[in-house]
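Enquirer: All chains should be modelled from the sequences, with the hints used to inform the complete structure.
Protein chains in written order, with the numbering used here: chain A, 1 to 44; chain B, 1001 to 1250; chain C, 2001 to 2229; chain D, 3001 to 3231.
If you're looking for bench data, these hints aren't it; they were derived computationally from the structure.
Being a predicted model, the structure only gives us computed values, none of them experimental.
Take the hints with a grain of salt, since some may be wrong.
Unchecked claim - Anything over 10 Å on all C-beta distances counts as not near chain A; from chain B, calculated: (1) Trp-1063; (2) Trp-1114; (3) Leu-1143; (4) Phe-1203; (5) Thr-1213; (6) Ile-1242; (7) Arg-1246.
Said to hold, decoys possible - Derived, one-sided and incomplete: chain C residues facing chain B with beta-carbon distance under 10 Å: (8) Leu-2017; (9) Leu-2153; (10) Leu-2205; (11) Leu-2214; (12) Leu-2226.
To be verified - DEER-style ranges, computed between Cβ atoms: (13) C:Leu-2006 <-> D:Arg-3140: 28 to 36 Å; (14) C:Ser-2047 <-> B:Thr-1213: 47 to 55 Å; (15) C:Arg-2053 <-> B:Val-1167: 31 to 39 Å; (16) B:Gln-1154 <-> A:Leu-15: 36 to 44 Å; (17) B:Asp-1235 <-> C:Val-2221: 25 to 33 Å; (18) B:Leu-1039 <-> C:Val-2122: 42 to 50 Å; (19) B:Ala-1022 <-> A:Glu-34: 21 to 29 Å; (20) C:Arg-2022 <-> D:Arg-3140: 16 to 24 Å.
We put the CB at the ideal spot given by N, CA and C, even for glycine.
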Amino acid sequence: MDDLGFIVGSYAVTLVAVGLFAWSVVRRSRRLAEQVPPEDRPWT
Amino acid sequence: MTASTATTGRPDRVTGTPFTRALGIVTLVGVLWLSWFGLFVTPADVNQGESVRIMYAHVPGAWLAYLAFVVTGISSAAYLWRRTRSLTWDRIAGASAEIGVLFMGISLVTGSLWGRLTWGTFWTWDARLTTTAFLFVTYVGYLAVRNLGGSHHQRARRSAVLALLAVLEIPLVHFSVELWNSLHQEASVAGNTDVTMDGLMLFTLFLGVIVFTLMYVWLLLHRQRALALQDLVDDTGLDLAIAARRAEVG
Amino acid sequence: MRSGTLAVARAIARRDLLVEWRSRVVTNQVIPFAVLVMVMFAFALDSDAVLERVAPGLVWLATIFSVLFLTARSFAVETADGALDAMRSAGVNPVAIFLGKSVAVAVQLLVLDVALVVAAVVLYRADVSLGGGVLLVTTILVATTGLASVATLYGGLAAGTKGRETLLPLLLLPVVAPVLIGATRATESAFGTNGIAVSEGWPWLGLLAVFAVLFSVVGAVAFGPLVDE
Amino acid sequence: MSGAQPIVTSAADGAATGSVVELIDAVALIGSFPALAGASLRVERGEILLLRGPNGAGKTSLLRLCAGLLPLERGSASVCGVDLATDRELVRAHVGIIGHTNGLYHDLTVAENVGFWGRLSGATSAEVHEAMQRMGLDGRLSGVRVSKLSAGQRRRTALAGLVARRAELWLLDEPHAGLDADGRDELDRVLRAAAAAGATIIVASHELERAGGLATRQVEIVAGQVRGDLR
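Expert: Encoded structure:
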């Protein structure tokens, strides 16, 4: 059925997009964190 | 530089805190719960049929996008106000706008999928839809301006002013689109779908809003940290650069 | 020792218009472009009835496209030899720069709009009665003021940056949606398109006026922080 | 001519001595690069100071900092009695800078350009005329469009703009570049006259044999720091 693809598709689009964004953010900040000593990190 | 080590817990590159880690786990559980309820547990709607299931992902997403832009506006104002001037506000504004654009992009897609099933069309020139599209483009422009470069405070001041201009622009655009739309009554299919929701459906929608809010908070914290790290890396670079320059003179 | 803001704004507007009068870039390139767009619409839409119906919208669409070029030109004059930098280093009040340049852009837009309305009358058989004429002139004046203000504001922001050709439309087009809507509806009544009465057009002027006032005032305040480093 | 300018004195530093420029350990950035890495410099009224140094040493940045175009990142700096750390915009009224660009409108004539800059500062038409006369721009040249001028004539037009604006401190970046021998002599004459009339001039140049004769004092700028001046 057509509807099923649309419904599952919209959940998939949401989760994949948010997931990719989250992954890219974490990866980027990990790479940056290597260059900053732990005591300087603003959230600690 | 050795990106091959995929161990996540190495202390020298951790960006999470116990709080965000717990928040992340709760969010993940919430996402699973929401998907299960949205896709399987809730009943089909009397008018919309199965397509109502999209709503449990679409409505919270759209709502969060608006919330994200409100946060951007407030933190921009906080930056511009002398007594609370801090780059933290600027970074929150930027991170929030980025997440807002993401959520808004997603909800434009899910919304048009829902529209195709319910109205038989991907897009209608409904006032809310049209305003949303304009809003999306406006914040894409805001993000482009954030990336223009310059010193931190330069970036912060420029983008804060732009964000406040956007706050001014949105009601004006919305009002004009609504006026325009009122001329074309036949186009507004949206207003007529009077949904009477039962308890479970309402609960799932509510759950969706909570789950998306948690998602937003998690993303905002992490994105903001990444921006703070970036600024820090720039600053330490400056200290080293000054020292290196001074050393050139014998 | 320093001149007042309004005097400086007047000097800047006069100088901008003098530059245009000498170089004729807008007269010889932007206005022909706008009229050409009108002609291209006729090819694309290919029906007298449709053209007559959409003429008001096409006039304002062509105006908004032309605003992009007009603004880009207005700031290209300033950045070609570092004049904007020189004005900033001369301590010129940004409010004066904003007002001066907006006025100059508005004057050029007025000329452009007259050309476009004439083109609409000739090419699309638009029809203007006396009452419609008054409405049309008012619409053009008010809409032009608003357009010139936002365009100057965002044009100044984009002026010094790389990728300004694409940044300006990205920033400007969503903002001017109210002008496109309001001015098009008002012009429809002025032209009597689809039998709309002239009196139905006047309420739209309220929207245009709010836009013009808002962005003139806010633009004057925001221009400095947006343009200055 | 400069009598109208109030000299704002600040008790904290040496402004009371009449220094037009006083930089102490000034740091300024271009992007994230420290173009000035702790520069200290003092310039007195009426001086013609030559800034020497290789390309990329920070000459242009020092001029732009003094003109209020570049933010002061660290250290302290006061120009014409204005504290650059807090009131960067205020200094601009006192200062004229000519960098690699002349700040001219190429479609306008010499007279229109100078007149425009004069009008911005409220100069009378007599004052504008006098400024053009001092730069040798009256007569036939005044009605010529800037796009038709030689590099030297453009430079002179820009200088006339500074005179018309009654700038107190002139900041000139490689002013001799692109001028022929006659143009250079003329420029020197103009600058000496301006200094005699009370203006302070800082010239950044690496044409030493030319600018050295003009200057009343020289300092060398190396790696974003000034060598051979105070402290």
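Enquirer: List, from low to high, the hint numbers that the structure doesn't satisfy.
Expert: 2, 8, 10, 18
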